[in-house]
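Please arrange chain B on chain A, whose structure you already have, making use of the hints.
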Amino acid sequence: MTSFTPARTLTWIPRGLALGVLAFVIFGPLTNLGLWAVAEKWYFPHTLPLQYGFSFWERVFAPRSNAMASLATSVTIALLTVAACLAVSVPAGYALARLRLPWRGVILLAFLLPQAFPSVAVYINVARIFYTLGLNGTVAGVVLVHTVHGLVFSVWITAAAFGAVDRSLEEAARDMGAGPLRSFFGITLPLAAPGVMASSIFVFLESLDEFTGTYFVGVPDISTLPLLMFNASMGGNFQIAAITALILLVPSVGFMLVIERFLKADVLAKVGH
Amino acid sequence: MAELHVENLTVAYGGSRVLNGVSLHVRPGEFVALLGSSGCGKTTLLRAVSGFVPVDGGRIAIAGRDVTRAPPERRDTAMVFQSYALWPHMTTAQNIGYGLKLRRWPRQRIAERVAEMLRLLKLDGLADRNVTQLSGGQRQRVALGRALAINPDILLLDEPLSNLDARIRLELRHEIRALQQRLGITAVHVTHDREEAMVMADRIVILNAGSIAQIGTPEEIYRRPASAFVASFLGADNVVPLQATRTERTLEIAAGPDHGAVSLPLGNAGAQVELIGSGPVAAHFRTESVRLATAGQAPADALVLRGHITQTAYPGGRWRYGVAVGGTVFLVDDDERRMVGDAVAIVIPPSALHCFPLRREAAGTA
Chain A
1 MTSFTPARTL TWIPRGLALG VLAFVIFGPL TNLGLWAVAE KWYFPHTLPL
51 QYGFSFWERV FAPRSNAMAS LATSVTIALL TVAACLAVSV PAGYALARLR
101 LPWRGVILLA FLLPQAFPSV AVYINVARIF YTLGLNGTVA GVVLVHTVHG
151 LVFSVWITAA AFGAVDRSLE EAARDMGAGP LRSFFGITLP LAAPGVMASS
201 IFVFLESLDE FTGTYFVGVP DISTLPLLMF NASMGGNFQI AAITALILLV
251 PSVGFMLVIE RFLKADVLAK VGH
Chain B
1 MAELHVENLT VAYGGSRVLN GVSLHVRPGE FVALLGSSGC GKTTLLRAVS
51 GFVPVDGGRI AIAGRDVTRA PPERRDTAMV FQSYALWPHM TTAQNIGYGL
101 KLRRWPRQRI AERVAEMLRL LKLDGLADRN VTQLSGGQRQ RVALGRALAI
151 NPDILLLDEP LSNLDARIRL ELRHEIRALQ QRLGITAVHV THDREEAMVM
201 ADRIVILNAG SIAQIGTPEE IYRRPASAFV ASFLGADNVV PLQATRTERT
251 LEIAAGPDHG AVSLPLGNAG AQVELIGSGP VAAHFRTESV RLATAGQAPA
301 DALVLRGHIT QTAYPGGRWR YGVAVGGTVF LVDDDERRMV GDAVAIVIPP
351 SALHCFPLRR EAAGTA
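Heads up: the protein sequence lines correspond to chains A and B, in order.
Start counting the first sequence at 1; every next residue gets the next number (the UniProt record's numbering).
Start counting the second sequence at 1; every next residue gets the next number (the UniProt record's numbering).
Watch out, some of these pointers could steer you wrong.
Claimed, not checked - Pairwise CB distance ranges (calculated):
{"#": "1", "chain 1": "A", "residue 1": "L189", "chain 2": "B", "residue 2": "G64", "range": "34 to 42 Å"}
{"#": "2", "chain 1": "A", "residue 1": "V139", "chain 2": "B", "residue 2": "R103", "range": "41 to 49 Å"}
{"#": "3", "chain 1": "B", "residue 1": "R27", "chain 2": "A", "residue 2": "L189", "range": "35 to 43 Å"}
{"#": "4", "chain 1": "A", "residue 1": "K264", "chain 2": "B", "residue 2": "L183", "range": "35 to 43 Å"}
{"#": "5", "chain 1": "A", "residue 1": "G105", "chain 2": "B", "residue 2": "T310", "range": "54 to 62 Å"}
{"#": "6", "chain 1": "B", "residue 1": "S16", "chain 2": "A", "residue 2": "F185", "range": "32 to 40 Å"}
{"#": "7", "chain 1": "A", "residue 1": "R261", "chain 2": "B", "residue 2": "P54", "range": "39 to 47 Å"}
{"#": "8", "chain 1": "A", "residue 1": "F27", "chain 2": "B", "residue 2": "N163", "range": "48 to 56 Å"}
{"#": "9", "chain 1": "B", "residue 1": "N130", "chain 2": "A", "residue 2": "L17", "range": "45 to 53 Å"}
{"#": "10", "chain 1": "A", "residue 1": "R8", "chain 2": "B", "residue 2": "Q311", "range": "58 to 66 Å"}
{"#": "11", "chain 1": "A", "residue 1": "D266", "chain 2": "B", "residue 2": "R337", "range": "49 to 57 Å"}
{"#": "12", "chain 1": "B", "residue 1": "P88", "chain 2": "A", "residue 2": "P118", "range": "42 to 50 Å"}
To be verified - One-sided and incomplete, this derived list gives chain B residues near chain A with beta-carbon spacing under 8 Å:
{"#": "13", "residue": "F52"}
{"#": "14", "residue": "P54"}
{"#": "15", "residue": "M79"}
{"#": "16", "residue": "F81"}
{"#": "17", "residue": "L102"}
{"#": "18", "residue": "R103"}
{"#": "19", "residue": "W105"}
{"#": "20", "residue": "I150"}
{"#": "21", "residue": "N151"}
Bear in mind the hints are in silico, worked out from the structure with no lab data behind them.
Virtual Cβ for every residue (Gly too), placed ideally from N, Cα, C.
With the rest of the complex left out, here is chain A (with noise of 0.2 Å):
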């Protein structure tokens, strides 16, 4: 029995609005960046693009293009820091999630400590280290930056993954005869892999969107997309950064919809444990 009583409409007003400004809020900036992308002529005071078209997307698409430079690099740098983080993390995850070890705490919180400082006071020090190393304007010097950033994601998530994997599923290949490494690489590694492949697309996600590290460390030798990006919006042009974005949105929303189904509910309970 429901009864439309004045009251219970006007309550709907103030949620109507709430849910607008949220959409606004969150919508609001991506149509700029949209129209942006696909404006060919563009200035104030006008609220909506003068003339549409593509002809920024022929010169960022274009094959000797910056744009097409840096995201090459851009995804270098993403994979060799992914490799970076898993040849760290496997051992380390396992480690965290299996043995017995004094102090598991404090070294699960030892990897988020680079997410504690401010990041701009912490890659000004970096950079001056690195340059008396001369790693600075290096591949290299990026690659290390942005492990230590994704460490935590990755080392976190392992180790879950890992205490996911029920022991005895590993005691049983012990007991047909495997020995440690065959166990580990025939039971354990398969059974966690769905966690640690989500691992590694956060760490992917999170090195192709890096920039405070990169700036720091890399510019001006290395550019990739978000230093492009800042530097075409910087410039004023922002059709160039539009594009560059909408390209970085592409990964980053797709493998967010894989990492949905990787990471399990097991895995995720486990998560910092």
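Below, chain B without anything else, positioned relative to chain A:
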């Protein structure tokens, strides 16, 4: 088929002793059940034999070879886990064939052996099924097949039936036993289920607090429990304190507040008495091995306890009564329908009595 020697085995976890010098010899082809309540060390003993628990002292030998310090993969044992421990990323056939693959069998022979195991365990047609799609009973069969496929020296069963439905459990019990006898494989089975151990095993090892309380055939431990603990654990948990004197052929029981004096025969058909001379004893008897008589009609050749009925239940077959004698309530089965409040006598034939010298703790342990 191989024998297992466990000598004076000691295992401790973080300072506390879980096994206290356990010695056990399992003969080739024998089925031995380790029986005990949780925390008694039975699973630890099994895991020490399979190599998952480091040993502090003593020796383990399988088929004459000392494996005390060998890692699990260097012991020719195969374990069936309580949780099945099947690998969810493999099919039924891959699970069963894994041990053979590790042994570098050619693919053709593995396929034949897996097919043989599937037939043996009535899993035909499930070879390519993912193990996560199988029922509990089927999963445990696959786990058994995986263990048997490698034809191990010793088959270890770690409460393999405790996660299954009652009906499937009974079915698998007999299947495992029949298979073990047919293949002549040496098996060690851990369980907390008394009936399961009695039905399946050639010999039963009763563990209590990390030590062996008794080893014997099912009949031996049932009819002649070695201690008050074993008697209680095997169902003789009605305990009445008596004053008794043991003579050469008889047990003389002095009259008490609820029973008269009686002289009972000893020996195989008579009472079991672990007493020398005279003194207080704890007399254990089973709910199902005694009967009730209407007050005043009790026979003279049995121990008779006078009391009245406080509770009735019908578990099927016979009636079960709670009978208060003095301050204690005993559970007794009887054929006749009786009422709460009826004055009755519990008739305990000599063969149903297991008497142990009464010390401070003897009556309480169960």
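Taking the hints in turn, this is what the structure says about them:
no.: 1; hint: A:L189 to B:G64: 34 to 42 Å; result: holds, 37 Å
no.: 2; hint: A:V139 to B:R103: 41 to 49 Å; result: holds, 46 Å
no.: 3; hint: B:R27 to A:L189: 35 to 43 Å; result: holds, 41 Å
no.: 4; hint: A:K264 to B:L183: 35 to 43 Å; result: holds, 39 Å
no.: 5; hint: A:G105 to B:T310: 54 to 62 Å; result: holds, 55 Å
no.: 6; hint: B:S16 to A:F185: 32 to 40 Å; result: holds, 36 Å
no.: 7; hint: A:R261 to B:P54: 39 to 47 Å; result: holds, 41 Å
no.: 8; hint: A:F27 to B:N163: 48 to 56 Å; result: holds, 51 Å
no.: 9; hint: B:N130 to A:L17: 45 to 53 Å; result: holds, 51 Å
no.: 10; hint: A:R8 to B:Q311: 58 to 66 Å; result: holds, 60 Å
no.: 11; hint: A:D266 to B:R337: 49 to 57 Å; result: holds, 54 Å
no.: 12; hint: B:P88 to A:P118: 42 to 50 Å; result: holds, 45 Å
no.: 13; hint: F52; result: holds, 6 Å
no.: 14; hint: P54; result: violated, 13 Å
no.: 15; hint: M79; result: holds, 5 Å
no.: 16; hint: F81; result: holds, 5 Å
no.: 17; hint: L102; result: holds, 5 Å
no.: 18; hint: R103; result: holds, 7 Å
no.: 19; hint: W105; result: violated, 12 Å
no.: 20; hint: I150; result: holds, 7 Å
no.: 21; hint: N151; result: violated, 12 Å
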